[in-house]
Amino acid sequence: MISDQPLEHWVLALQGFFLLYFLLLNGGYIALNLLSLLTLRQYFARRSLEFLPQAHKGFDLPISLLVPAYNEEATIASSVRSMLQLAYPEYEVIVINDGSRDDTLASLIEAFALQPFPEAYWRRLVTQEVRGIYRSTRHPNLRVIDKANGGKADALNAGINAARYPLFCAVDADSVLQRDSLSRVVQPFLEDPRTLVSGGTIRIANGCRIRHGFIDEIGLPHNPLALFQIVEYLRAFLFGRMGWTPLNAVLIISGAFGLFRKEAVIGVGGYRTATVGEDMELIVRLHRHYRLAGKPYRITHVPEPICWTEAPETLRVLKSQRMRWQRGLLESLAANARLLFHPRSGSAGWFAFPFFLAFEALGPLVEVVGYLLFGIGFALGKISLEAFATFLVVAVGLGVLLSVSALLLEELSFRIYPQPGQLLRLLAATVLENFGYRQAIAVWRFVALLRWIGGASQGWGTMTRSGNWQAETPRPGGGSAPPAT
Amino acid sequence: MPSDGLLQAARLSGIAILFLIVLLIGCIILLRVWLNTRARREERLATRWLPIFTQAIEEGRHPPLPRLGPSELALVLGLWLRFYQSLRGQARSRLRDLAGEIHLAAFARRLLTSRNTQERIMAILALGHLGEETAWQDLERLGQDDNPMLSLLAAGAMLQINAVWSIEDVLARITQRSDWPMTTVSLLLAEADPAAVVPALRNAVRLSPPKRLPRLLPLLKVVNVTGSADLLLPLLAADQPLEVLVAALKVAEDPLLLPTVRRLVDHPEWPVRAQAARALGRLGETADVTTLRALLSDRVWWVRYRAARSLLKLPGIGPAQLSEFAATSSDRFARDILGQILAEAEAAR
Chain A
21 MISDQPLEHW VLALQGFFLL YFLLLNGGYI ALNLLSLLTL RQYFARRSLE
71 FLPQAHKGFD LPISLLVPAY NEEATIASSV RSMLQLAYPE YEVIVINDGS
121 RDDTLASLIE AFALQPFPEA YWRRLVTQEV RGIYRSTRHP NLRVIDKANG
171 GKADALNAGI NAARYPLFCA VDADSVLQRD SLSRVVQPFL EDPRTLVSGG
221 TIRIANGCRI RHGFIDEIGL PHNPLALFQI VEYLRAFLFG RMGWTPLNAV
271 LIISGAFGLF RKEAVIGVGG YRTATVGEDM ELIVRLHRHY RLAGKPYRIT
321 HVPEPICWTE APETLRVLKS QRMRWQRGLL ESLAANARLL FHPRSGSAGW
371 FAFPFFLAFE ALGPLVEVVG YLLFGIGFAL GKISLEAFAT FLVVAVGLGV
421 LLSVSALLLE ELSFRIYPQP GQLLRLLAAT VLENFGYRQA IAVWRFVALL
471 RWIGGASQGW GTMTRSGNWQ AETPRPGGGS APPAT
Chain B
756 MPSDGLLQAA RLSGIAILFL IVLLIGCIIL LRVWLNTRAR REERLATRWL
806 PIFTQAIEEG RHPPLPRLGP SELALVLGLW LRFYQSLRGQ ARSRLRDLAG
856 EIHLAAFARR LLTSRNTQER IMAILALGHL GEETAWQDLE RLGQDDNPML
906 SLLAAGAMLQ INAVWSIEDV LARITQRSDW PMTTVSLLLA EADPAAVVPA
956 LRNAVRLSPP KRLPRLLPLL KVVNVTGSAD LLLPLLAADQ PLEVLVAALK
1006 VAEDPLLLPT VRRLVDHPEW PVRAQAARAL GRLGETADVT TLRALLSDRV
1056 WWVRYRAARS LLKLPGIGPA QLSEFAATSS DRFARDILGQ ILAEAEAAR
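Top to bottom, those sequences are chains A and B. Note that our numbering has the first sequence beginning at 21, numbered continuously upward. Note that our numbering has the second sequence beginning at 756, numbered continuously upward.
With the rest of the complex left out, here is chain A (with noise of 0.2 Å):
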């Protein structure tokens, strides 16, 4: 009995401390939520200017498409062949063969008609070798660069290299752009020139039906995986990503789709190459040199579904991109450590840099070691079948309650998915994740957390392309995207 005290007094405190870590949580889930309804209704009124046929005309920014490509023989043509269909008035696409193994250069030199071109290459970001540069006989504004093998992030350094224009849009090769992609995208460039940065919303394509390189008709995927992952999207955009946009403190452009100003990427280095999340630390990196240097600018998300991808469908390859995800955001913020509460980090380092380490860094290991001692307490006799109980409805209740309010932002939004069997799977989806899926991802997660600590390097895992919308039918998965909230 008496041995019994501290170990109960063990078990309150961390009660205690569960329920505080869940109220600070949701709450800034529930603020998060509050300021996307805000972004979306500043959002919509500003697309009333779609009254004005001729707005934007003749004075769009024209913009450098970058696609690396690393073994994409089965999708890079009809990827690319997308490509140069956008309606956009002025924009190149460039892609950079990253010391393919496969045959992704022939096949691109057989598609476009590709002959070497003796470009006057400007090195301003240290890359690996550029082995030739081609461009295609058939379409003036494709080149392709052909350069060894160094990862998606030193891809991107070459093309931002080659890149002619202000404005370049990192693509990955396994995207479905909308016709409008880009001049949605860009946007906040013309509106506001203080604008580094704009990302689009990134939907899953699982389900659809894509004809010619693009969405033809909108549907949900039978695959339970796919479907709970388009829930965990909804959250991810429309308030992970929409809440933030207000503060200017987004720190994730998702590296499937992404706007970016070149000057002020060269201007702090390009991306970085020792990281498997490139994308985020770029965003981060942003923000801290911005910020610290009293600099003016923004960085902000268009809440329009404008780029699709595949979600994996298979248990092995989501764990492997939700582990290089987690490892991902962990090198991002230690490698940007000093934005965090900096007396002129603004709201990125005090709202969104705390909110993500604290969440989204140490989140998993909040959830999965609270699942533990629940678990433990439970069967040791220390936490009554009651109190067990309560912690379970409490703990998967404000998982289907956020999973819910995306659901009502879409609903508000863009309601993509209209039919009413749509909507219901959906709701059944924003139950059902909660029930295991949610968990695997934790441990998962948790998983990439220690091994970060412990040192273990991550590569990016192997991502299996289908190919199978050159066929022009409904997508299963592969691909990669951004994390998720």
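No wet-lab data here; the hints were simulated from the structure.
From the structure, some residues in chain B lie toward chain A, with a derived Cβ separation under 8 Å:
| id | residue |
| --- | --- |
| 1 | Ile772 |
| 2 | Ile783 |
| 3 | Leu786 |
| 4 | Thr938 |
| 5 | Asp1091 |
| 6 | Gly1094 |
| 7 | Ala1103 |
Stretch-level coverage of chain A by chain B, calculated; a stretch enters the list once three of its residues show a Cβ under 8 Å from a Cβ in chain B:
| id | stretch |
| --- | --- |
| 8 | 30-38 |
| 9 | 151-160 |
| 10 | 416-430 |
In this text, all values refer to a predicted model and were calculated from it rather than measured experimentally. Note that CB positions come from ideal geometry on N, CA and C, so glycine has one too.
Chain A is fixed; fit chain B onto it per the hints.
Same frame as chain A, now just chain B:
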């Protein structure tokens, strides 16, 4: 065992969460039902009004107008705007006549005080298109609004209603409101009456302090101000701020500016050198070959690139001459950039 207080708090949280989930799901379903009902209503209204608009545009007359409920007016206004903005000439004038018959201007004036921003934007656009002078004061007030979109569109509407009255005020605000996107500003000015805009813009450029000029100078090109040498000459003095020099070089199209532009190719700031090289491509003569060839060895890629492109635009200079320059140049940078420009020219053919 957890304390009773903690357990009670958790229990209450659980109940509140479950209640909120049910409430939000209810909201989602009700919202879906409401939006579907509204979409059907809009569809019915469009079906009723589209033939009226079409006949009015094509024939200048229309079938009897259906009675409009207050909630339907905003939808008809939206429809009217879409038609109006996609048409030109006589069709627009017929649409204005139709708007008069359904008292759209009075409705738009009422909408100016709406709390819904989208409705206010529609109202501002409509009042501008209708040239509604009675809304002048309201638009003037909205032109001062903090919301950049509302204020800019109100300024645009005032330009449409009476450009002579409003242009000076609008130009002053263009220089002050850095939150007004220049793309939209350019569009609104390009559509305004040039007889009012051009002299006012010349005057504004002449009188504005240097820090305001980078926003004004690009507009000279937008509204096709010709013979601007007298305006630009003092702005192309080497001691002007960098932003002013670059903005002035971008719009330098008067041959009288050539000697001044030539002097700027040695400027210490590379953006000035690059723009000077570019301007030489527009204004230069064969005598400028030497200057541009020297710039092919500049330490900055963009200066070399602009110089090479401009060389090709000079009178009497073609790919053959460029090949010769490349063959005789001892500088690797010059050879590389000329090689690229030649390949680009070949690809463009």
